[in-house]
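J.: Let the hints inform the model, and build the full structure from the sequences given.
Protein chains: 2
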Amino acid sequence: MSEKFSKIAMRMKSNVIRELLKVTSKPGMISFGGGVPDPETFPRFEMAEIAKDILENEYRYTLQYASTEGDPILREEYIAMLKRDYGIDGLELDDLLVTVGSQSALDLVGKIFLDEDSIYFVSKPVYLGAASAFSLRSRNYVYMDLRDDGADLDELEKSLSEIQARGDIEKVKFIYAISNFHNPGGVTMSLEKRKRLVQIAEKYDVLIVEDDPYGDLRYEGEPIDSIFKIGGVDRVLLLRTFSKILSPGLRLGIVIGKKEIIRKMVMAKQAADLCSPSLTQRLAARYLQRHNLTEQIKPTIALYKEKKDLMLSELEKHFGNMEGFHWTRPDGGLFIWFTLPEGFDTGEMLELGKAENILFVPGVAFSLDDTCKNSMRLSFCLPPKDKIIEGVARLKKVVVEYGTEKNLL
Amino acid sequence: MSEKFSKIAMRMKSNVIRELLKVTSKPGMISFGGGVPDPETFPRFEMAEIAKDILENEYRYTLQYASTEGDPILREEYIAMLKRDYGIDGLELDDLLVTVGSQSALDLVGKIFLDEDSIYFVSKPVYLGAASAFSLRSRNYVYMDLRDDGADLDELEKSLSEIQARGDIEKVKFIYAISNFHNPGGVTMSLEKRKRLVQIAEKYDVLIVEDDPYGDLRYEGEPIDSIFKIGGVDRVLLLRTFSKILSPGLRLGIVIGKKEIIRKMVMAKQAADLCSPSLTQRLAARYLQRHNLTEQIKPTIALYKEKKDLMLSELEKHFGNMEGFHWTRPDGGLFIWFTLPEGFDTGEMLELGKAENILFVPGVAFSLDDTCKNSMRLSFCLPPKDKIIEGVARLKKVVVEYGTEKNLL
Chain A
66 MSEKFSKIAM RMKSNVIREL LKVTSKPGMI SFGGGVPDPE TFPRFEMAEI AKDILENEYR
126 YTLQYASTEG DPILREEYIA MLKRDYGIDG LELDDLLVTV GSQSALDLVG KIFLDEDSIY
186 FVSKPVYLGA ASAFSLRSRN YVYMDLRDDG ADLDELEKSL SEIQARGDIE KVKFIYAISN
246 FHNPGGVTMS LEKRKRLVQI AEKYDVLIVE DDPYGDLRYE GEPIDSIFKI GGVDRVLLLR
306 TFSKILSPGL RLGIVIGKKE IIRKMVMAKQ AADLCSPSLT QRLAARYLQR HNLTEQIKPT
366 IALYKEKKDL MLSELEKHFG NMEGFHWTRP DGGLFIWFTL PEGFDTGEML ELGKAENILF
426 VPGVAFSLDD TCKNSMRLSF CLPPKDKIIE GVARLKKVVV EYGTEKNLL
Chain B
66 MSEKFSKIAM RMKSNVIREL LKVTSKPGMI SFGGGVPDPE TFPRFEMAEI AKDILENEYR
126 YTLQYASTEG DPILREEYIA MLKRDYGIDG LELDDLLVTV GSQSALDLVG KIFLDEDSIY
186 FVSKPVYLGA ASAFSLRSRN YVYMDLRDDG ADLDELEKSL SEIQARGDIE KVKFIYAISN
246 FHNPGGVTMS LEKRKRLVQI AEKYDVLIVE DDPYGDLRYE GEPIDSIFKI GGVDRVLLLR
306 TFSKILSPGL RLGIVIGKKE IIRKMVMAKQ AADLCSPSLT QRLAARYLQR HNLTEQIKPT
366 IALYKEKKDL MLSELEKHFG NMEGFHWTRP DGGLFIWFTL PEGFDTGEML ELGKAENILF
426 VPGVAFSLDD TCKNSMRLSF CLPPKDKIIE GVARLKKVVV EYGTEKNLL
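Those protein sequences? They're chains A and B, same order as listed. When you read off a place in the first sequence, starting at 1, and then add 65, the result is the number in our numbering. When you read off a place in the second sequence, starting at 1, and then add 65, the result is the number in our numbering.
None of these hints come from the bench; they were simulated from the model. Be aware that one or more of the hints could be misleading.
Since the list gives no way to pick out one identical chain from another, each pair is judged satisfied if it fits inside one copy or across any two copies.
No farther apart than 20 Å at their CA atoms in a straight line, the calculated lysine to any residue pairs in the SDA-like style are these [as the list claims (entries may be wrong)]:
1. 438 - 454
2. 72 - 205
3. 69 - 235
4. 268 - 184
5. 323 - 79
6. 117 - 355
7. 69 - 180
8. 323 - 70
9. 363 - 396
10. 72 - 180
T.: Following this line, the structure appears as structure tokens:
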């Protein structure tokens with residue numbers, strides 16, 4: 066049958082992180098791999114109560130197909146939350162779409178915007194899930210290097226002006242940006258850059274796709290206005306999710322954007338999965354009504370901050386005095402981007418890591434062109450604190466073993 | 066922004082049925098439109114108990130990302146059920162994939178098999194959801210007319226032999242068939258045709274995609290072996306779903322097929338939605354373990370059978386003596402395909418229907434080439450019995466009004 070597969074199927078690679086998940090459960094393994102939240106942090110008893118209630122009493126909704134747009138109560142509550150917590154005002158029901166997690170939103174964005182010759186901008190390193198979804202539609206990505214304050218916008222402007230000069234500007238569909246606590250980069254785009262990004266997008270009439278799955282998990286510093294708030298609904302499509310704050314098991318993403326775009330995404334979603342699960346949509350809606358999500362995640366934030374600080378201090382302890390080793394210092398989210406000197410290949414090191422019972426995600430997983438080989442993504446949210454200490458020590462062992470063997474140290 | 070949309074986005078049409086759902090709730094409306102099951106038939110109290118239990122006690126699974134392949138317990142239980150209830154034996158975990166409803170399975174099938182020039186076979190009329198998913202990838206469908214015993218296989222053989230003669234047989238990717246109680250046709254493929262279909266597929270080395278969402282809802286006659294059972298895992302990809310027997314609100318489809326194909330679908334799913342909802346997957350798994358689904362749907366089957374018989378007798382009463390009016394007599398499922406004389410345009414009639422508070426799905430919704438205009442799909446499962454009687458009477462009124470105005474009666 067394999068000769069029957071489509072061209073895009075032939076170039077599909079298995080998602081490295083999803084594959085890593087399978088060895089995570091090996092006894093003794095410490096994983097800095099998956100970007101998975103700690104299920105202990107979710108309000109399971111409250112959710113259990115609500116689930117029972119809405120299955121018994123709202124079964125005509127929860128056990129039926131939902132509208133493709135999504136549960137109206139959930140969308141209403143979400144609009145209220147965006148207004149109350151983020152100062153985003155003036156949204157209507159038809160500006161929102163509920164998707165099966167943010168991954169599905171990325172798939173729909175790819176479908177409605179990208180032809181084979183379409184151009185889009187992503188950061189380098191790039192979020193793996195976005196890269197997979199977009200690159201199935203078009204391989205014409207353009208990189209912006211990720212800096213400590215977000216994507217390099219000089220590179221963006223230079224590329225856009227070149228593309229315009231060669232008459233291809235109409236082919237540029239969007240700029241994809243994770244604004245807060247980048248996955249895998251760990252960095253946050255500064256307010257100045259957000260404003261400049263909007264200006265550039267307006268100048269070249271390009272859409273910004275702002276992905277913000279981690280924004281609510283801020284451990285330090287003041288929240289920064291979203292690109293969506295700065296650029297407005299006509300310029301920015303905002304992707305949000307319940308996966309990191311209420312549970313990924315619900316598979317609920319929220320897309321906020323211009324009605325015309327949402328409408329087209331709804332049509333694409335009809336052919337993709339008909340509708341998001343009514344049970345989990347109503348569960349999230351009733352949770353938002355009956356509980357305070359901002360309060361609920363405060364202990365989570367405190368816990369993750371401790372883990373993040375611990376991992377940073379352990380990295381400092383083991384690698385602080387080693388030349389060419391550096392890492393990002395995130396103000397929130399789940400990830401640290403750890404870069405080793407040139408010559409280290411974290412993909413090769415993964416096997417050593419497995420042998421030493423320590424997992425990380427090789428940098429190459431976050432590149433579309435087989436680069437980023439001397440970096441890795443470290444996630445600090447899931448392992449207990451003693452495992453973070455032990456895990457960084459094992460990582461050091463792997464680095465020394467590999468570096469010595471390859472004459473890199 | 067609209068000039069930025071992709072080519073496939075430009076040709077997306079909104080799903081007529083999804084749009085119809087929006088007027089269904091108008092007071093006084095009787096809908097024969099949506100193929101939605103009756104939520105009263107689902108075991109809500111049992112599901113409520115399980116949901117509470119698995120959120121409290123299995124939260125490390127239900128509130129976490131699932132593997133892309135799906136809940137292993139659900140897949141195990143499903144394999145046991147396929148063996149016990151359908152005599153399908155020898156399946157392993159890796160032969161199964163849990164999708165976000167069958168629609169998502171259709172989307173993944175389209176992605177992994179179809180290029181722009183790929184050829185696939187569908188019945189005429191065709192299931193709207195399959196047509197939407199496949200036609201986003203390729204417009205090169207070939208029709209097989211739907212007969213009372215399933216698709217016209219003479220047409221299939223003729224087309225395949227022509228395609229082979231012109232050297233394009235490698236482009237033929239699959240034959241799509243709804244084996245039981247076709248949507249929208251209401252007909253069931255005979256055992257003889259199933260066997261012959263497998264022979265033809267083997268002769269031309271083409272995959273069969275068997276879609277069987279309604280097979281468990283049989284009201285009359287003996288179950289017929291699935292095409293999958295006849296043709297085997299190397300020849301047939303089987304799509305099944307919990308939507309009609311446990312609840313569409315869970316969004317759970319099951320794909321059963323060759324490991325190599327399932328593996329490719331897993332990769333496509335990683336980029337489409339990462340994983341199906343862990344909460345609803347485990348809910349279905351525990352339901353299968355703790356309850357007997359076959360017993361649970363018996364009252365549903367009795368109820369739907371009564372409704373189906375009632376609609377058939379009402380159709381007979383109102384249209385039995387009218388020349389050129391005919392309809393299918395399903396042995397199960399949710400749909401009757403009602404064909405009017407040439408000249409009737411059920412799409413135009415829909416507005417009259419709305420005015421008379423009666424909804425149906427115009428036949429054109431089930432065609433890829435704007436045909437089937439003188440047919441409509443009638444669903445009998447959701448309206449109460451008195452509404453079925455009243456609804457068919459209203460339908461008669463609409464038919465007479467339209468037919469008189471257009472001089473068709």
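J.: Each hint should be assessed against the structure and marked as holding or not.
T.: Hints versus structure:
1. Proximity of residue 438 and residue 454 under a CA criterion of 20 Å is satisfied in neither setting, with 25 Å inside one chain copy and 69 Å between copies.
2. Proximity of residue 72 and residue 205 under a CA criterion of 20 Å is satisfied in both settings, with 16 Å inside one chain copy and 16 Å between copies.
3. Proximity of residue 69 to residue 235 under the C-alpha cut-off of 20 Å is restricted to the inter-copy arrangement: shortest distance 7 Å between copies versus 34 Å within a copy.
4. Taking the shortest Cα distances, residue 268 and residue 184 sit within 20 Å of each other inside one copy (17 Å), while across copies they are farther apart (43 Å).
5. In this assembly of identical chains, the alpha carbons of residue 323 and residue 79 lie at most 20 Å apart only when taken from different copies (17 Å versus 33 Å within one copy).
6. In this assembly of identical chains, the alpha carbons of residue 117 and residue 355 lie at most 20 Å apart whether taken from the same copy (14 Å) or from different copies (17 Å).
7. In this homomeric assembly, residue 69 and residue 180 come within 20 Å of each other (Cα to Cα) only across copies, at 10 Å, whereas the closest approach inside a single copy is 22 Å.
8. Taking CA atoms no more than 20 Å apart as the test, residue 323 paired with residue 70 passes between copies only; the shortest distance there is 13 Å, against 36 Å inside one copy.
9. Taking CA atoms no more than 20 Å apart as the test, residue 363 paired with residue 396 passes inside one copy only; the shortest distance there is 15 Å, against 56 Å between copies.
10. Both within a single protomer and between protomers do residue 72 and residue 180 lie at most 20 Å apart by alpha-carbon distance, with minima of 14 Å and 7 Å respectively.
Of the numbered hints listed earlier, the single one contradicted by the structure is hint 1.
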